[in-house]
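Chemist: Below, each chain spelled out in residue letters.
4 protein chains.
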Amino acid sequence: MAEVGKEPIRDIAHLGAVELFSPVPERTLWYFRDLLGMEVVHSSDRSAYLRGYGDYATSTLKITAAERPGVGCVSWRAVSLPALERRVEAIKARGLGVGWIDGDFGRGPSFRFHDPDGHLMEIYHEETRYRAPDHLRSTLKNLPMKFTGRGVNVRRTDHLALLAKDVAANREFAQETLGFRLSEQVVFEGGTKEIGSWLSSSAVHHEVAYVVDIKGGNGRLHHFSLWVDNRDDVLRAADIFAENGVFIEAGPSRHNNSQAFYLYSREPGGNRIEVYSSSFLIMAPDWQTVVWNEEERGTGVYWGGALPASFIEYATPDIASSTPDQKVPAFPML
Amino acid sequence: MAEVGKEPIRDIAHLGAVELFSPVPERTLWYFRDLLGMEVVHSSDRSAYLRGYGDYATSTLKITAAERPGVGCVSWRAVSLPALERRVEAIKARGLGVGWIDGDFGRGPSFRFHDPDGHLMEIYHEETRYRAPDHLRSTLKNLPMKFTGRGVNVRRTDHLALLAKDVAANREFAQETLGFRLSEQVVFEGGTKEIGSWLSSSAVHHEVAYVVDIKGGNGRLHHFSLWVDNRDDVLRAADIFAENGVFIEAGPSRHNNSQAFYLYSREPGGNRIEVYSSSFLIMAPDWQTVVWNEEERGTGVYWGGALPASFIEYATPDIASSTPDQKVPAFPML
Amino acid sequence: MAEVGKEPIRDIAHLGAVELFSPVPERTLWYFRDLLGMEVVHSSDRSAYLRGYGDYATSTLKITAAERPGVGCVSWRAVSLPALERRVEAIKARGLGVGWIDGDFGRGPSFRFHDPDGHLMEIYHEETRYRAPDHLRSTLKNLPMKFTGRGVNVRRTDHLALLAKDVAANREFAQETLGFRLSEQVVFEGGTKEIGSWLSSSAVHHEVAYVVDIKGGNGRLHHFSLWVDNRDDVLRAADIFAENGVFIEAGPSRHNNSQAFYLYSREPGGNRIEVYSSSFLIMAPDWQTVVWNEEERGTGVYWGGALPASFIEYATPDIASSTPDQKVPAFPML
Amino acid sequence: MAEVGKEPIRDIAHLGAVELFSPVPERTLWYFRDLLGMEVVHSSDRSAYLRGYGDYATSTLKITAAERPGVGCVSWRAVSLPALERRVEAIKARGLGVGWIDGDFGRGPSFRFHDPDGHLMEIYHEETRYRAPDHLRSTLKNLPMKFTGRGVNVRRTDHLALLAKDVAANREFAQETLGFRLSEQVVFEGGTKEIGSWLSSSAVHHEVAYVVDIKGGNGRLHHFSLWVDNRDDVLRAADIFAENGVFIEAGPSRHNNSQAFYLYSREPGGNRIEVYSSSFLIMAPDWQTVVWNEEERGTGVYWGGALPASFIEYATPDIASSTPDQKVPAFPML
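Same order as they appear, the protein sequences are chains A, B, C and D.
The first sequence begins at 1 in my numbering and counts up by one.
The second sequence begins at 335 in my numbering and counts up by one.
The third sequence begins at 669 in my numbering and counts up by one.
The fourth sequence begins at 1003 in my numbering and counts up by one.
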């Protein structure tokens, strides 16, 4: 990102909000509100809008009733109006623009586009800062909302992982057109086969990951991830999921990539949700992408239980293989 | 920082390194190496160079033998060579430049300057990335150095707090000349008396704080702070300090400002050192500075033991009051 | 306890249940149920019966409406019916018996008595084992009740601390008549002034403490203590109390006595409640009581904020001094 | 254990010490001393004697050079001399006595015996209480030794798990002859096939477990377990093992049996070692053994990675199957 003499693009501030589809929205809401401890701030006919207690934006998660689970619109916040304009021009130049909308709940004018794999995204700058109602006001002036102590009580959204038929194409789009840093990569077969790429617009290790869709689908979600401050909070999440019949797919374990401590569960609608802590910050302006080959990547787990086969086979929406299975020599875990 | 239509300055990437003076350098080294678990990577006649296992730079802490404790040079890394040039020009324009040096161990050409209060600083871009020797190589490819499990085993440097006769002047310099974000502030007497200001060039809550020097000194250090990933690590630090006769001045407690969980001790040379975790990230490009007045500020502690009087009276080097004591109506804690 | 040739008494198994008085029972219930996460299992006209998720007995805490806060009946479970008989005989022989009752909710025949200071106690053997209703059934077969993840979610009761005009007399009663082990002691003035004694009938460090009542009252409560498994849970309790306006009197800090990590708050009724973790088990049959003198005792805090004056001055019910203040040379903290 | 009218046997206080054999004693010592943070207190020609910082006995682990890994002598402390006599008589009556020895380092006269499966054990009462040398003296008067903060820094020994050809016979011996409580059991095939039994003489959940030896061996060790106070310490152990090339066989995960949070590794000599926390105490004098059938037992893991096949196939010393494999319908994990 930071060649000497070339100024890096830093027009996107951070991941803004993620929309998840659910065929059982009430149950999905129970999972995010009653177990993860998020708060509902708004609702419309088919959608509920939620937030973590530490998110400064009004809403960072939108749950929308749909026939099948998966990811809806992924929103990115630009650092300024000029930055927004610059990114819109770049996206249009790539021919991936959809057009402007007024802005979903809590956000100003937003430009919608697709990534090369077809995931719907948008970029915006203006937004409504959250003001907690009295019963949710924190006693900490710098905390946007009360820490309620309900269930896992995730602090904020962290990142999402998307599947892509062509990881390289999507990764290049994120780097070149959006200006993201490439934090880490898994590349097999002597550097020729890009299995997964982890990218970010901020100091957060990755805000989006692209991982190969071994079933050859399009626009699918691997997982959405929420942050807790301590590893012990991840363990507590495991206790809460186990007591409430939530399927724990993997973890608690530690990733080699990102170094984070994690727990993967499935919310009742079928989407894979990660409770996540202790990833490292990347603040080097000339970060050298860490690239893992087959041997170095191993199982993708630094320590803790191995990832199950479902971890590469299942994504939302779930599909039958649309193309002959690609051979993936090892687990491209996230 | 981000007025609409005005692009923010983001030329400094992060705090690079801090130099601490110690009248008992061997004992100070024992504290940072044997108790905090940092690693010595280099030494010269009068200085030892250390690092945290998670720091990507070669050295982030320099301990220098001196008659009295205090802070030496504070180094800031620019995001690029053009960014370095821009900041050097701005500093010169303010009349605070000192001049170029070749660069201390691990860093390229560095431009030295003073902040308005007289603390010595420098800005640089080029640096040597750390390569661990065999016995310190981590089994994690993305970790620059082995996690040795020795003592507190701090991950990385986080921030430092400096005293200043005139907080506003130094805060403005950091904002206007260096391009820092003003994260939080304590302002008393109806908004007229600036007690403390917390600033950062990155998503880290603050990389430098300026707090009023009630003794009217110049160039003094309030504390230097090191990061651990979990609150339990802070508690473990308390156990280790208590067993080794290290003076714990305050904590473990939780700040209201920054929300961080902390422990203040004094290293044998006399400098105040903080073990720190769980502060929140600031990623909003239009962050609205949180300003605390007397009542809101309270004791500066969200919960946990109150801060002792020494917390505002003592800094390094320790001095007798050089001016009549300023009346500070409440603790300007950090 | 275990002189060679003399078999120790081990007739009491553990602390069974504690009754607390509250002038604001609804608010007190809110504290224990909504913040501490205990469960209400029964109620009568003036009392609510609660339990921790890990307690095997049906109810371990009874909250009773009363004019003033304080402790009601303290129940001890005998290891067997013969053991119950032996202790009843011993209590009668001391002239402190009150008589048999049928047994409060969940317990069989119970013999009531007073300790020398006048605290009401009872001893019983038979009890109803808790069977969770469907919605509170745990997915862990060996856990009596679901871990709900509500608030602090304390696991179980741990101990209580009682004030006494004459610590030695009450301590001797607990040792000689009930058969408790004397775990630790604070004795001042060259071993002549017994300030506090910590006793237990089990491997738990102490199940009851007697501490000198500096106001010369009778039958008063210093605090009641609830266990959590990890130190991080204590910190989480501080967050929850701070957000809900609960007065935190001391901690999070670490005791020297018991080594435990603690947080003292006041429930709305006025009783001092401790959230407690990491005390050490005592399994030595010939445990040598650890005795602390003035100098060794220090502030009673191993690390963390000092205990406030209220910690020795306040107990429930609160009283004006009924006798000239005893001089206590240092804090007899628990 | 506690039938009404029948007084329970409580003659054994707790597990005293465990001897482990190692073919690479220096490497095994490195594991226990440098990684687990135990302290060497004594050594003889072929053995080193170690302790945890919280153990009150002088030595709780003996490492002995041997051709093959495995367990040597397991020592139990009697609560008194009369209790010791009673147990010796009971053991002799069962025909399993070996005879008196003077006592190994730190212990008085000890009576050696075998359990029915042939594991060597001994029972004793007198022992030398540990007195730390100056450099290892704790600043906590009630802590026998300084918390050094080295590596995992386990607090104390917790339990061991032994394989047995006939679990029922060994379990009955522990209950009837030694007076242990049967905490939990795994029994398959409609209650006819005893797979594993967890027993204790104290409030600790289990001090010894007997699990079926599917290879039909004798006197073998499944694992030895060491306690840490917080779950975060278990995670830290995983970090330390991963950085030092120690094979992590399973975990960090949570047992259903005992509810404990655990990590299984292999020390360099080949013995399986568990770092263990958060098991529940059993203080009920009439504890009703929790019995798990095939379905309830499941994988033995409450949450976290599944146990590998090696977990039932491997024990020390490792042997080829001496009898046709017994069919074990599910994992008899500990």
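Because the hints were derived from the structure by calculation, they are not lab data.
Any given hint could be a false lead.
[Said to hold, decoys possible] With a cut-off of at most 20 Å between alpha-carbon atoms, the simulated EDC-like pairs for lysine to aspartate or glutamate come out as follows: (1) C:Lys-809 to D:Asp-1036; (2) C:Lys-814 to A:Glu-189; (3) A:Lys-141 to C:Asp-907; (4) A:Lys-193 to B:Glu-630; (5) D:Lys-1143 to C:Asp-954; (6) A:Lys-146 to C:Asp-702; (7) C:Lys-814 to A:Asp-239; (8) A:Lys-141 to B:Glu-630; (9) D:Lys-1148 to C:Asp-907; (10) B:Lys-480 to D:Glu-1296; (11) D:Lys-1143 to C:Glu-694; (12) C:Lys-809 to A:Asp-45; (13) D:Lys-1143 to B:Asp-573; (14) B:Lys-475 to A:Asp-239; (15) C:Lys-809 to D:Asp-1288; (16) D:Lys-1143 to C:Glu-964; (17) A:Lys-141 to B:Asp-573.
On a predicted model such as this, the values are computed, not experimentally measured, just so you know.
Chemist: Hints first: check each against the structure and report whether it holds.
Modeler: Against the structure, the hints:
no.	hint	result
1	C:Lys-809 to D:Asp-1036	violated (38 Å)
2	C:Lys-814 to A:Glu-189	violated (49 Å)
3	A:Lys-141 to C:Asp-907	holds (14 Å)
4	A:Lys-193 to B:Glu-630	violated (56 Å)
5	D:Lys-1143 to C:Asp-954	holds (17 Å)
6	A:Lys-146 to C:Asp-702	holds (15 Å)
7	C:Lys-814 to A:Asp-239	holds (10 Å)
8	A:Lys-141 to B:Glu-630	holds (8 Å)
9	D:Lys-1148 to C:Asp-907	violated (31 Å)
10	B:Lys-480 to D:Glu-1296	violated (43 Å)
11	D:Lys-1143 to C:Glu-694	violated (42 Å)
12	C:Lys-809 to A:Asp-45	violated (42 Å)
13	D:Lys-1143 to B:Asp-573	holds (14 Å)
14	B:Lys-475 to A:Asp-239	violated (31 Å)
15	C:Lys-809 to D:Asp-1288	holds (17 Å)
16	D:Lys-1143 to C:Glu-964	holds (8 Å)
17	A:Lys-141 to B:Asp-573	violated (31 Å)
Figure legend: structure checked against the earlier numbered hints; hints not met, in rising order: 1, 2, 4, 9, 10, 11, 12, 14, 17.
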